[in-house]
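Chain residues, written in single-letter form:
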Amino acid sequence: MTGFRKACTVMAAALLSLTLLAGSALAEKVNLTFYFPVSVGGPITKIVEGMTEQFMKEHPDIQVTPVYAGIYRETLTKALTALRGGEPPHVAVLLSTDMYTLIDEDAVVAYDDILKPEEMGFTKAFFPGFMRNSQTGGKTWGIPFQRSTIVMYWNKEAFKAAGLDPEKGPANWNELVEMGKKLTVRDASGKVTQWGVAIPSTGYAYWMFQALAIQNGVELMNAEGTKTFFDAPKAVEALQFLVDLAHKHEVSPKGTIDWATTPRDFFERKTAIMWTTTGNLTNVRNNAQFPFGVGMLPASARPGSPTGGGNFYIFKKASPAERKAAVAFVQWMTSADRAAQWGIDTGYVAVRPDAWETPAMKDYVAKFPVAAVARDQLAHAVPELSTHDNQRVTKALDDAIQAALTGSKKPAEALKDAQKEAERILRRYGK
Amino acid sequence: MPPAVRSPAAMRNIHAWLLLLPAMAFIAAFTHYPAVNTFIHSFFLDGRGGAPAQFVGLEHYQYLLEDEVFHKALVNNLLFACGTIPLSISLAMTMAFLVNAGLAGQSALRLCYFVPTVLPMIAVANIWLFFYTPEYGLLEQIRGALGLTGVNWLGSEATALPCVIAVAVWKDAGFFMIFYLAALQQIPPSLGEAAMLEGASRFYYYRKVVIPLLMPTTLFVLVNATINAFRMVDHLFVLTQGGPNNASSLLLYYIYEVSFKYWDTGYGAALTMVLLGFLALASIGQFGFLERKVHYR
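Keeping their order, the protein sequence lines are chains A and B.
FYI, in our numbering the residues of the first sequence are 96 to 526.
FYI, in our numbering the residues of the second sequence are 43 to 339.
Everything labelled a hint here was simulated from the structure, so no lab data went into it.
The hints are all genuine.
Derived BS3-like pairs (lysine-lysine); straight-line CA-CA distance at most 27 angstroms:
id: 1; chain 1: B; residue 1: Lys114; chain 2: A; residue 2: Lys504
id: 2; chain 1: A; residue 1: Lys515; chain 2: B; residue 2: Lys114
id: 3; chain 1: A; residue 1: Lys173; chain 2: B; residue 2: Lys303
id: 4; chain 1: A; residue 1: Lys255; chain 2: A; residue 2: Lys462
id: 5; chain 1: A; residue 1: Lys286; chain 2: A; residue 2: Lys255
id: 6; chain 1: A; residue 1: Lys349; chain 2: B; residue 2: Lys114
id: 7; chain 1: A; residue 1: Lys276; chain 2: A; residue 2: Lys329
id: 8; chain 1: A; residue 1: Lys124; chain 2: A; residue 2: Lys419
What you are looking at is a predicted structure, and each value in this text was computed from that prediction instead of being measured.
Let the hints inform the model, and build the full structure from the sequences given.
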């Protein structure tokens with residue numbers, strides 16, 4: 096009996112010391128949960144997981160758990176739900192445009208509140224065009240990661256078949272319509288077998304529409320994110336043009352065009368020209384069975400595209416040690432070499448000028464010159480639509496665009512309704 | 043214990059209540075408490091970023107009257123119910139008759155009918171997304187072969203809602219069929235034989251004998267179908283996200299959007315009260331009125 100008791104004591108002591116050991120090991124290692132979205136085709140999840148593994152190899156004291164959380168909207172919903180549940184992620188890639196929403200929710204912490212002023216110099220390394228959506232009130236809230244602009248892809252074979260110069264995409268709206276007419280192919284019964292152009296109108300309808308509005312010379316919101324100008328005459332004109340593509344010129348399918356299947360339509364030769372994010376570039380490169388061109392969006396009064404895509408945010412709930420570790424992770428993920436590799440792997444715009452000077456990127460651009468189109472378009476880029484209560488305001492605009500496209504409202508009426516709704520939503524912020 | 047203190051009847055009552063207690067505790071904790079809490083919450087406007095909620099009285103309910111998206115979702119939901127309930131029930135009954143008729147290969151047929159039920163809704167919706175895809179989706183390929191022009195099924199306001207109704211019916215009918223099949227097998231074959239001897243036609247036998255005997259099952263299925271009509275929104279996430287322009291948005295989907303996308307939980311609570319009201323009305327109608335017409339053996 097005593098032998099047994101002795102054995103028990105020894106066992107207990109051993110267990111206790113083991114637990115203590117494990118405890119101290121855990122205390123040294125910082126655990127980070129990292130939410131990320133995927134909004135383009137291709138093996139993005141694998142690439143992100145590969146990057147975090149590489150990071151952990153170089154930083155053995157930090158453990159990062161990447162969590163794929165859906166498209167951008169779903170990722171935001173998940174992060175905010177987790178926040179209300181008391182366990183938000185430590186770091187997440189969310190739309191740059193959700194900055195005001197995240198600040199209003201008191202969800203995120205500014206980088207300036209984690210780092211000393213002299214350590215904030217690293218934010219100057221990024222393209223200023225991307226930082227405009229990442230800073231407000233003199234503080235930096237997001238660090239650019241998977242950033243993009245909208246670009247135009249075209250099928251060179253279809254251009255040749257239509258008797259067009261395959262090396263030149265449409266440079267302005269008129270050319271887009273003219274070329275679109277030539278590229279729209281109908282069979283003997285009049286059924287369309289190939290459309291001229293596809294501008295998606297689900298998922299990110301407001302983003303595509305904002306491109307048209309910018310080109311037509313109007314901005315949709317003020318810099319503080321408290322006012323929108325959806326029903327400006329130039330904006331109505333832009334929406335009318337989008338509707339006309341399908342209904343008047345008949346170069347685009349009627350009804351809404353799905354965001355997710357648009358690249359597929361392009362691969363299947365159902366559309367000769369498509370507008371989508373540059374983040375799809377590598378997807379198109381791997382899947383298009385024909386030579387394709389990439390160009391800046393056509394101009395009306397001016398060329399232009401909104402910027403888009405996601406920033407790294409750090410959540411307020413994180414402890415000081417976790418915040419430091421998160422900053423280390425963010426800085427590593429957005430370093431020149433990583434940004435270059437990420438751009439090559441996906442097609443997103445490498446977010447800093449020095450990334451374009453790395454040997455890997457120089458080599459890539461030499462072999463695949465269209466990779467630089469989105470970067471060059473940055474000169475004409477305008478920040479993406481971003482307001483307080485962003486999801487709700489963009490939803491009002493999305494609804495208006497879809498109502499106009501499906502013909503249930505006239506563009507002017509639809510945008511007026513959206514403006515009214517946006518004013519109601521923003522009433523508590525406008526001062 | 044002195045036996046004279048409590049009469050046997052009182053003891054029985056106490057026993058009954060004690061036996062009911064665990065179930066009642068669960069219902070109170072997971073149904074009644076949240077419902078009451080939601081009701082209270084519907085009078086408040088959430089504070090942003092952890093600020094305390096502000097009492098706004100009936101403001102949310104007033105906004106219900108002018109919220110066009112809500113009106114649309116409500117009308118859509120009624121149409122969705124009117125579409126899915128009769129269609130899925132009649133389809134389920136027909137399928138049950140078919141697989142109960144003793145045809146060759148009926149186990150294979152039963153399996154086919156039941157498969158949609160066991161598949162997760164999200165997977166099912168992805169399959170249907172391919173069916174509905176414009177230009178090269180299954181539906182369009184068939185129509186193309188017949189020489190018909192293209193329809194953008196999920197991208198037009200006129201067709202989006204019927205499309206999601208079709209998916210819901212397809213998903214539900216197999217599930218309800220199982221209940222009908224079980225009920226059919228409970229019907230003694232002697233009834234059929236007697237009807238045959240009396241010279242009743244097959245149709246007459248089904249109409250006057252089988253369908254009335256199925257009424258308890260029909261009531262049960264009806265309750266479930268009604269609940270499903272207000273509860274089933276999974277496929278919207280994949281197929282249409284409520285679009286285009288809210289043409290296929292349903293009440294519960296709109297509640298999700300308001301509460302979890304916009305974090306306007308106060309208004310979301312007011313919307314939830316409307317949904318609760320509808321379900322209460324439906325169950326009063328079904329149990330109060332219809333049940334009297336049901337023949338239980």
